[in-house]
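Visitor: Sequence order for the protein chains is A and B.
For the first sequence, the residue numbers in this note's numbering are 1 to 113.
For the second sequence, the residue numbers in this note's numbering are 114 to 224.
Hints listed in this document are in silico derivations from the structure and should not be mistaken for laboratory results.
Virtual Cβ for every residue (Gly too), placed ideally from N, Cα, C.
Take the hints with a grain of salt, since some may be wrong.
Stated by the list, open to error - Which chain B residues face chain A? A few, computed with CB under 8 Å, are given here:
1. Phe158
2. Gln161
3. Gln210
Unchecked claim - Here chain A is said to cover these stretches of chain B; the calculated rule only asks that three of the stretch's residues, wherever they fall, bring their Cβ under 8 Å from a Cβ of chain A:
4. 135–147
5. 151–157
6. 215–224
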Amino acid sequence: DGGITQSPKYLFRKEGQNVTLSCEQNLNHDAMYWYRQDPGQGLRLIYYSQIVNDFQKGDIAEGYSVSREKKESFPLTVTSAQKNPTAFYLCASSVAGSSYEQYFGPGTRLTVT
Amino acid sequence: GQQVMQIPQYQHVQEGEDFTTYCNSSTTLSNIQWYKQRPGGHPVFLIQLVKSGEVKKQKRLTFQFGEAKKNSSLHITATQTTDVGTYFCAGPRGYGQNFVFGPGTRLSVLP
Chain A
1 DGGITQSPKY LFRKEGQNVT LSCEQNLNHD AMYWYRQDPG QGLRLIYYSQ IVNDFQKGDI
61 AEGYSVSREK KESFPLTVTS AQKNPTAFYL CASSVAGSSY EQYFGPGTRL TVT
Chain B
114 GQQVMQIPQY QHVQEGEDFT TYCNSSTTLS NIQWYKQRPG GHPVFLIQLV KSGEVKKQKR
174 LTFQFGEAKK NSSLHITATQ TTDVGTYFCA GPRGYGQNFV FGPGTRLSVL P
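The shape of chain A in the complex, shown without the other chains (with noise of 0.2 Å):
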């Protein structure tokens, strides 16, 4: 059964801690990306990787941190550093390149408090 899966779904943390959160797919794609998303906004890319060990940062990745040592599993950091971290994150996947569809991953839903 293949598709990408986020762990929690909802994740509680104190102010000033970092927190993980999970992103793991099987369907062989070599694009992965880190979305947030805010009540009744739209999708703001954090960070996102075409290959293994290489990524790169979008458009609000300040406080922020990820990895790709692994082609299944790209995992989001959001550090002390990020000042709103409270948010709805979504992970998604694709064939590498612009001319083909994302796939999502369920979301994480981080409160922050």
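Please build the complex by placing chain B on the supplied structure of chain A, with the hints as guidance.
Guide: Same frame as chain A, but now just chain B:
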């Protein structure tokens, strides 16, 4: 930088009425994609348009790509409650390695 806008931001319709959302890019696009996100869910790919003036249909949904490849529209005929959600358009950035999403149009359908 490249911008993708959508109008309207919200649309409330009575079940059975038609609905249209418009997407406009500040730059010419090589292709445009449409996604639907149900309330509480994640975006799901609907379609991709590539050719200038292209029109594609999926049952009650009609997608159009403008002649100049800078705008697109999604039209739903005779809306149903299952059409509820937010519709996003997305276009590749200039160098093509990722996408710019529009802010979305949230559709509510009253039974």
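Visitor: Could you run down the list of hints and mark each one as holding or not?
Guide: Cross-check of the supplied hints:
Interface restraint check for B/Phe158: the shortest CB-CB distance to chain A comes to about 4 Å, inside 8 Å, so the restraint holds. Interface hint at B/Gln161: satisfied, since its Cβ lies 6 Å from the closest Cβ of chain A, which is below the 8 Å cut-off. At about 6 Å, the closest approach between the beta carbon of B/Gln210 and any beta carbon in chain A falls short of 8 Å, and the interface hint on this residue holds. Counting residues of the stretch 135–147 of chain B whose beta carbon lies closer than 8 Å to any beta carbon of chain A gives 3, which meets the minimum of three for the stated coverage.
For the stretch 151–157 of chain B, the assignment as covered by chain A holds, since 4 residues bring a beta-carbon within under 8 Å of that chain's beta-carbons and 3 suffice. Beta-carbon proximity to chain A at under 8 Å applies to 4 residues in the stretch 215–224 of chain B; the threshold of 3 is reached and the given coverage holds.
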